[in-house]
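4 protein chains.
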Amino acid sequence: MSTVGLAVIGAGYWGPNLVRTAQATPALRLQWLCDLDEERARTVLGPYTTVRATTSYETVLEDPAVGAVAIATPAATHFDLVRSALEAGKHVLVEKPLTLSVAEGRKLVDLAERSGLVLMCDHTYCYTPAVRRIRELIRGGELGTVQFVDSVRINLGLVQSDIDVLWDLAPHDLSIFDFVLPDGVRPVAVAAHASDPIDAGRACVAHLTLWLSTGAMAHVHVNWLSPTKIRTTVIGGSRRTVVWDDLDPLRRVTIHDRGVDRIPQEPDRRREALISYRLGDISVPALPEQEALRGVMAEFASAIGESRPALTDGRAGLRVISLLEAATRSIENGGAIISLKESE
Amino acid sequence: MSTVGLAVIGAGYWGPNLVRTAQATPALRLQWLCDLDEERARTVLGPYTTVRATTSYETVLEDPAVGAVAIATPAATHFDLVRSALEAGKHVLVEKPLTLSVAEGRKLVDLAERSGLVLMCDHTYCYTPAVRRIRELIRGGELGTVQFVDSVRINLGLVQSDIDVLWDLAPHDLSIFDFVLPDGVRPVAVAAHASDPIDAGRACVAHLTLWLSTGAMAHVHVNWLSPTKIRTTVIGGSRRTVVWDDLDPLRRVTIHDRGVDRIPQEPDRRREALISYRLGDISVPALPEQEALRGVMAEFASAIGESRPALTDGRAGLRVISLLEAATRSIENGGAIISLKESE
Amino acid sequence: MSTVGLAVIGAGYWGPNLVRTAQATPALRLQWLCDLDEERARTVLGPYTTVRATTSYETVLEDPAVGAVAIATPAATHFDLVRSALEAGKHVLVEKPLTLSVAEGRKLVDLAERSGLVLMCDHTYCYTPAVRRIRELIRGGELGTVQFVDSVRINLGLVQSDIDVLWDLAPHDLSIFDFVLPDGVRPVAVAAHASDPIDAGRACVAHLTLWLSTGAMAHVHVNWLSPTKIRTTVIGGSRRTVVWDDLDPLRRVTIHDRGVDRIPQEPDRRREALISYRLGDISVPALPEQEALRGVMAEFASAIGESRPALTDGRAGLRVISLLEAATRSIENGGAIISLKESE
Amino acid sequence: MSTVGLAVIGAGYWGPNLVRTAQATPALRLQWLCDLDEERARTVLGPYTTVRATTSYETVLEDPAVGAVAIATPAATHFDLVRSALEAGKHVLVEKPLTLSVAEGRKLVDLAERSGLVLMCDHTYCYTPAVRRIRELIRGGELGTVQFVDSVRINLGLVQSDIDVLWDLAPHDLSIFDFVLPDGVRPVAVAAHASDPIDAGRACVAHLTLWLSTGAMAHVHVNWLSPTKIRTTVIGGSRRTVVWDDLDPLRRVTIHDRGVDRIPQEPDRRREALISYRLGDISVPALPEQEALRGVMAEFASAIGESRPALTDGRAGLRVISLLEAATRSIENGGAIISLKESE
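Residue numbers (this note's numbering), protein chains in the order written: chain A, 1 to 344; chain B, 1001 to 1344; chain C, 2001 to 2344; chain D, 3001 to 3344.
No false leads were mixed into what you were given.
Dumping the calculated DSSO-like pairs for lysine-lysine here, alpha-carbon to alpha-carbon at most 30 Å: (1) LYS3229(D) to LYS2229(C); (2) LYS1107(B) to LYS1341(B); (3) LYS1229(B) to LYS2229(C); (4) LYS229(A) to LYS3229(D); (5) LYS229(A) to LYS1229(B); (6) LYS3229(D) to LYS1229(B); (7) LYS229(A) to LYS2229(C).
In case anyone wonders, no lab produced these hints; they're calculated from the structure.
Sequences are here, hints too, so could you generate the full structure?
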C-alpha cells in the first residue's frame, strides 16, 4: 500500500489531535503542519519531529508530496481553504461544520465530485465503537421503528468567536443521527429556539427539534454554559431503546429491552387496556477501546486509496449544515417549523 | 391545637399516600377514604384501621366532622369535585393539575377566596428539602441572575387515559419553577412540540420552552416512553449553578461555583477576550431526609388553622395550568410562541 | 388459609417495619406491639389502629390468640426472649444476630426443634429480588466456580451499645453468603482485624476474611464511620462475575461475562501465554420491585402454616454467629486464622 | 536551564508513556529508547522521530550525552539495571516496585546517596492533583487525626509473570499513604491474606492490613480478577473524611464534613449519649487537569538540576517495599501480624 502525503492545516484546539493521529496512521505520511503562527505549529510538533512547520498554505498546496490536507481552522475559513485545496488537486478532510452555508457547501461537494477527489467531513463521533454499534443495532432491526430521539450535549464550553453553540456542538448530534438512522428515514422539518443569556453576541443555549420522515421527533439540547457535563443520546425504538452515555466509560452503550407497546386495537375494548409495558433486561455490549480519530484517519486514507466516497463524505456534511441553516432560520422566525427539501 | 377532620377522595395511584401521610399528621384527623370502588378503599385502609371507607362523596361532604378534603382522582373530575367541596364549606387539597382549563381553575380560585376557604394544590416537589433549598439559594441571591433552566423528567410512565404527558408530568417542573424563581421573574411566553409515536391517542413525548421576563429561556422535556429514568433540573445563574438530581440520594443538590462570565466591554479589545471562565468548587449541602408529602399535609393543616393561603395555593395551580394551556395551544399551532397575559 | 396471630416485640429502630409489613401480610394477624416504653409503642401504632400496645411480654405470651412473635429488641436480650416464647409454644422470628454466642444459639435451635416450632432469623437481604437472583445464578451454574467474594458495607452507622460493628453489620453479608453459596461450599476458616479509632468502647471498623471449602477467599469490610455509603458485593466466578450494588436502584445486579482464564497447561509453552481474558457483555436483569421484609413475613407465615423450617431458619442464624464468634476469637488473637468445625 | 539527556529503558506497557512525557518536558532531552526488541522500540518511537532506538544498555550508559535513565522494565530486572546506571554515574527514575527485596533496595539507595545521584521512584499517583490536594488536607490539619484508611484497587488486570498482585498494585496505595500521611505517622505492623483462585502460580487477590503508629488501621484490597474496576481510597479523619475516586473525573476528591464523634466522658452519663453525629456538607474541590506523569518527569529533572532528593526518592521506594516484604512474610505465616522496624 502506498502512503498518502498529508498536511495538517491549523495548530489550534483540534489540529494537534490530527497531527498525532496522522502520525499513527501507516497509510498516511505527515509532511507539514501549517498555521498562521509558525511558533505555535513548532510547539505542537515538538522538538523531536521530522515534520516541517510552515505559515504558507501556498507552499503546502504546491508540494507534490502532499496528496491530501486535513483542515482544522475556524469554520469561517473552511470554504476558501477547502476550495483552494480541491483546486490544487488535493483530497480534503475538514472539521465540522463543513461550511457556514449550504450554498458554499454544495459548491465544494460539486467541485470534489467533478475533480474525482475525496472530500470528507471529520464527523469524529461516527467513528467511535459506540456509534458504530448503535448504527448496527438500528440498521439491523434490533431497535424496531425509531420512536423518539433525545440528545443532550452540555458543558462549560468555549464560547466561539465565529459560530454560535448550535453550529459548534449540534453538528456532532446531527452527524450521528445522519449516520445511524436507517436509509430512507430522514429529517423533514426542523424548529429551534436559542438564547444568549450572558450577552456573548451569539446563542449559548439552543434547543432543536427535528421531525423525521417516519413522524418521530428528535430533540437536541446544546449548551455552552452548563457546569455539569452531559453527553447522552437516547434512541427509543418500538422493540428496544439504546442509551449512549459518552461520559461513562464502563457503560457507554446500554440496550434496554423495555418500553411501552400499543396492542393493535380491538373495537370493543377500552383504549387504556391497549397499552402494555415491557420490563426486560438491560445489556451493555463490550466495546473495543479505540480512538475515534484514528478511525477517521484510516477511513480518509482508505477512501483515497480506493477512490470512493468516505463514510462521512461531503454530502453528509452538507446534510448536517442544511439542518443547521434551517434551524437558524427557525430561530430567526420565532421557532417556526421549517420544512427541508428532499433534494439535499 | 384543634385537629381538622379530613376525607381523602380517590384510592387509586396517589390516594394511598395521602391516606398514609394524613394519618401521620397530628393536626389532621382522617375520617373517610372515599372511592367509587369501596373494596379498593378498604384494601388501602387495611384490616387494622378505624377509618371508614365509603363510595358516597355526598356522605363525606355532609359529615360535619369533615372540615377538609384531599382529592386524588383523575384530573378530569377535579373541577366538579373541588367545586362541590368548596360549596359544602370544606377546605380542599387537590392533586395537580388543578383543572383541565384555566377558565375552570379560575372559577375554583374565585369560589375559594369568596368563601374564605383554603384551596391548595399538591405541588409535592415544592415541599422537598431539595427544592426548598434551591428556593433559598435563588431568592437569597447566591445564584445571581437566572440565565437558563433545563428540566428533564423522563421515565417509562403510565400512559394516562385523560391527559397527555405534558399535563401529567410538566406540572411538576412548572410548579417548581413557580416556587423557586424570585418574585417578579415570571414566564412571558411559551412554545411546545409534542409527539405520539406509539399512537396512544395523546402526546407521549413533549418539549416545552418558556421565556422568562428576564429574557432567560427555560426548557422542560417530559417523556413517558424512556426506559431510562431521569429527573434532573439545572438552574444556571450568573454567580452559581444549581443541579438537582432527584434520583441521587447522596447528592440531590449540587451547587457549582463555575460558569462563563462576560467581562464588561472595553472598546479597544476583541470580543473573544471578554469571556472568562470560573472553575470553582462544587458543594453538596446536607439536606434533611423528609417526606415531601408530610410537608404538604402539614402546610395544608397550618393554612387552615391560620386562615391563610397555602404556600402552593390555588393561584399557583392556576399559573401552572395557564402555562399548560398555552403550551397546548402552541402545539396545536405548529410550535408558535404563545404570549402569556400578565394578569394570571 | 387460617391466619396466625402475631405480636411484635420491640418498637425501636426496626420494630416499626415489622409492624407495617405484618399488617400487610394476609396470613398474619397482628395482635400486639410490646415495648418497655408503652408510649413509644402507641406512637408507632398511630392513632387509627385496632392493634394493642403493651409493656408486658408475659401478657403477650399468655394470649392464646398469639401464635407467633417477631422480636426486634437489642441482641443481648434475644436469648431470654426467644427462649421464653418457644417455651410458651410460640413460633419465633428474631432479628439478627440470633444470639450473642453459639452456645446460646444452639440451645434455642434445639428447643425449637424439640418443640416443633418455627425459629426463623430475619436475614432480610435473603428476601430481596437481587439476592434471590444471585442465588439462582450461582446454584444454576451460570457463574461457574466461585473464585472470590468481596463485600463492603460501610456507612455512618449508629454505634450500638451492646454489639460491635462486626456483630451489627456482618450478619447481613454472612447470611447472604450462607444463602447463595452452593450446597457443599462452606466457610472452613476465618480471620479478622478490627479497630476502634473513636474510642467508642467497641470495634467500629472491621475486616473479616473467610476461606471457603473450595479454597476461595471471601472478604467483608464493615465500618460505622464512613461518610460515604457503600453496600456492594462482588462474587467472582470462573464463568461470570456478579456485582450487587444495593444502592443503585437501576442496576442492582450486573452480570459480567468477563474475567481471567487459565488455559490448561501445555508443557512447552511459557506460563504467560496460559492466561486469557474474556471481555464479554454485561447484562442487567430486570428485577421486580418487592420489599424484602414482606417476603420475610410471608415466609414466616408459610413455614408456620406448612410446619417446615423457614428458608433462613435457626440453623442458618447459628451458622452466622459461628462465624462471628470465630472472627471475634481471631481479633482477640492478633488476627490468627480460626478453623471452623464442620458440625455447625 | 540546561537540559538533561535522558534514555528510556523498556518499550513495553509503561515505557511509551515515559517516552511521550519525556518529550514534552523542556528540561529533559530524550536521546534513546532502549529495549531488548529493537523493532518494538522503533514502533513506540514512530516514523517521525529523531530519537534513537537501541538494544544495547551498554551503549546507553556509555553515552556522555545521557545524564539520566528512566527504567520501565520487569521488576525482577530493576536491581541490576539501576545499579549499572548508578555505577555509570547516571541519575535514575525507576518504576515501582523499586526492587524485589529490601536488601537490594537498600543497596541502591546507599549507592545513589554515596554517588550524589538522584534515585527516584515513579510513584505516579503522588503527582496527581488529587493526591497532592489530599496531602495538603491531611498535613494542613483539615481532616484532623486519621481514624481509618481504606483503599480498593481492583480490575481485570494483567497477571504478571514475575510478581503477584500485591507487588504489582499495592505499591500505588502504599506510596500514596507514605506521601499523604503526616510526618511521624508511620506503619508499625502489617498483616495480609492472599489467594490464587485461578491457579496462576501467584496471588491474584490480596487483602493487606496496616496499623499506623497512631493506632489507626489501614486496609488495601488489590485484585486482578474483578470485572468491575474500582480505584477508591477513603481516609477518615476526626474532623473530616476525604474520598478519592480516581474513576470519577467530575468528582475525583470529595471532602465530607460528617462523621461520628465521641464526646469526652462525663462520669454520670450513659455511654450511648456520648456519641454524636455530624452531617455537614460535602465539597468537591476544583482540581487542575494535569497528567501525573508529566509531574513525575518535571520533578525528576528538578531534583537533578537542584541536586536534591526527589519528592518520591529511593527511600520512599524502600519504605514501600519494606511493607510489601512484611506483607509477603505475613501471608507465608498464615496472616500473622508482622512488626516493622522503625529504622526504615
